Amino acid sequence: MADETSIKTREMLCVLAGFGGQGVLFAGKVMANAGLIDGRNVSWMPSYGPEMRGGTANCNVSLSDDAIGTPFITKPTALIAMNQPSLEKFAEAVVPGGVIVVDTTLAMNASEVHSSEGVARFEIPATQMAEDNGLKGLANVICLGKLWKETRFCDRGVLDAALEKCVPAKHRNLLEPNRRALQIGIDL
Amino acid sequence: MAQTEERVLMKGNEVLAEAAMRAGCRYFFGYPITPQTELAAYMARKLPTIGGTFLQAESEIAAINMVYGAASAGARAMTSSSSPGVSLKGEGVSYMAGADLPGVIINVERGGPGLGGIQPSQSDYFQATRALGHGDFFMPVLAPSTVQEMADLVYLAFDLADTYRTPAMILADGMIGQMMEPVTLPPARDLSELPAKPWATTGTHMEREHNVVNSLYLTPQKLEDTNRERFARYDTIIATEQRQELMMCDDAEIVLVAFGAASRIARTAVRAARDEGIKAGLLRPITLWPFPTKAVDQVVANGCKAFLSVELNMGQMVQDVRLASDGRVPVSFYGRTGGVLPTPEEVLEQIEGLSSKLGKDGE
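The listed protein sequences correspond, in order, to chains A and B. Reading the first sequence from the start, the letters are residues 1 to 188 in our numbering. Reading the second sequence from the start, the letters are residues 1 to 363 in our numbering.
Distance condition first, Cα-Cα at most 20 Å in a straight line; then the derived DMTMM-like pairs of lysine to aspartate or glutamate:
no., chain 1, residue 1, chain 2, residue 2
1, A, Lys165, A, Asp38
2, A, Lys75, B, Glu276
3, A, Lys165, B, Glu6
4, B, Lys279, B, Asp251
5, A, Lys75, B, Glu349
6, A, Lys75, A, Asp65
7, A, Lys75, B, Asp275
8, A, Lys89, A, Glu112
9, B, Lys305, B, Asp250
10, A, Lys75, B, Glu345
11, A, Lys89, A, Glu117
12, B, Lys279, B, Asp297
13, B, Lys357, B, Glu345
14, A, Lys165, B, Glu5
15, B, Lys222, B, Asp136
16, B, Lys305, B, Glu352
17, B, Lys46, B, Asp190
18, B, Lys305, B, Glu349
19, A, Lys149, A, Asp187
20, B, Lys279, B, Glu245
21, A, Lys75, B, Glu346
Facing chain A, a subset of chain B residues (Cβ under 8 Å, in silico):
no., residue
22, Arg7
23, Leu9
24, Pro35
25, Met175
26, Gln178
27, Met179
28, Met180
29, Pro182
30, Arg264
31, Ile265
32, Arg267
33, Thr268
34, Leu341
35, Thr343
36, Pro344
No lab work stands behind these hints, which were simulated from the structure alone. This one's a predicted model, so the numbers in the text were calculated from it and none came from an experiment. For each residue, glycine too, the CB sits at the ideal point set by N, CA and C.
Work out the full structure: start from the sequences and follow the hints.
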């Protein structure tokens with residue numbers, strides 16, 4: 001199906017940011033694994049240390065056809081912002097032509113945050129939607145689904161395979177809810 | 001025949017642990033510290049399942065002395081820490097050098113001095129390449145810049161350590177330790193094929209003289225003879241073990257010298273400079289000791305007009321670049337510290353500055 005194939009750019013530089021526990025590192029891992037399956041150059045750089053324990057968390061994921069220089073992204077082509085401080089911190093840096101997906105359940109004043117002209121912004125109440133669908137804690141995957149739909153950084157089949165790979169074997173029961181969350185994001 | 005391994009996505013710290021086990025490491029002694037803790041955690045999970053021993057020591061000092069003990073008995077042993085913890089290991093590493101014991105020490109650097117911070121840094125360059133402990137000694141220091149190199153270089157470190165009977169160090173940093181990248185893991189070594197260690201204290205079985213592992217020599221001439229013998233080995237290392245990567249250096253007029261995390265930033269900056277038509281290149285030392293002086297010679301012979309050392313410190317490796325350049329080419333420095341990383345744009349500005357200076361000099 002035409003709408004399920006990727007429209008890869010040479011380089012996808014994505015910042016995923018939120019509170020610790022919202023699963024931004026997990027969403028980043030799914031993206032990185034998609035790049036791995038595609039045989040691309042990939043880096044996944046998390047924030048680490050005390051901020052991981054309850055504060056803000058973010059990770060930088062680069063998917064590239066070239067060797068990756070610094071894994072720290074200063075000019076992202078995509079941003080998933082899962083709360084207000086994350087949007088305020090990173091929105092301005094997204095380059096024209098880039099995409100922002102923001103969870104407006106926790107970024108209630110998203111509209112007040114400026115981003116560059118030519119950046120497409122998608123404001124979705126992901127946390128609320130997750131709760132409404134009995135998918136508490138999977139707002140991250142809803143946002144990832146939306147980002148995939150808007151950027152198509154890989155084929156749909158690759159995305160599904162990457163998601164499956166990231167759900168640990170001992171938590172196999174979580175695979176189905178993750179798949180549903182992904183689909184909700186894609187259908188938005 | 002070994003199967004071709006698939007590419008997997010792993011954290012640098014975990015790859016150090018996995019590759020060490022595949023290199024034949026069966027004894028790991030450590031103490032937790034950010035940003036290297038995942039290494040010890042991985043060892044704790046896996047090492048006992050392959051017949052090895054993981055031990056969380058009571059301190060870093062205890063851990064390095066356990067490595068001394070395991071190495072004395074001929075085992076491949078390793079310890080890991082981050083900057084402040086590595087300082088504590090200094091005495092033990094000096095004793096290992098003095099006793100000619102192989103072993104691998106990992107430093108996943110963070111900012112200093114003192115407790116410093118926990119973000120990536122390269123402020124332990126001097127410590128690693130000059131003197132991790134007291135006395136007259138060096139050791140091979142390898143600087144990975146990718147997760148793949150974490151695997152390749154820890155593997156190499158064990159071989160260098162055994163070949164030259166010396167401790168060897170992996171000098172990594174919080175960036176490479178924490179990040180995930182695809183990696184193809186090296187094959188697991190057959191322990192029975194590791195080099196023999198006839199000097200190890202494995203018991204005489206009434207068949208040979210006692211082996212003695214020791215670093216104490218009270219007769220001055222005996223101590224000097226021992227040191228000279230060791231430095232003869234160092235000469236061989238310097239002559240044969242220099243390693244580096246040269247990127248776009250064939251026609252480069254401005255050559256950046258950077259290792260580890262800084263080299264990744266430098267790589268991006270060099271590409272951007274080339275896009276602007278500036279003839280920039282990158283010399284990336286993989287061995288910090290021995291420093292790749294032959295590559296510096298080659299780059300100078302190729303027509304390099306300026307070196308720029310880019311580091312995550314206030315200027316340490318720049319001294320080795322100056323020594324190697326030996327006045328032939330001017331050497332400048334750019335660095336950030338404390339866990340602050342230079343952006344590629346900042347480094348590009350430095351290159352542009354050098355380029356316009358060279359342009360004026362050429363007029």
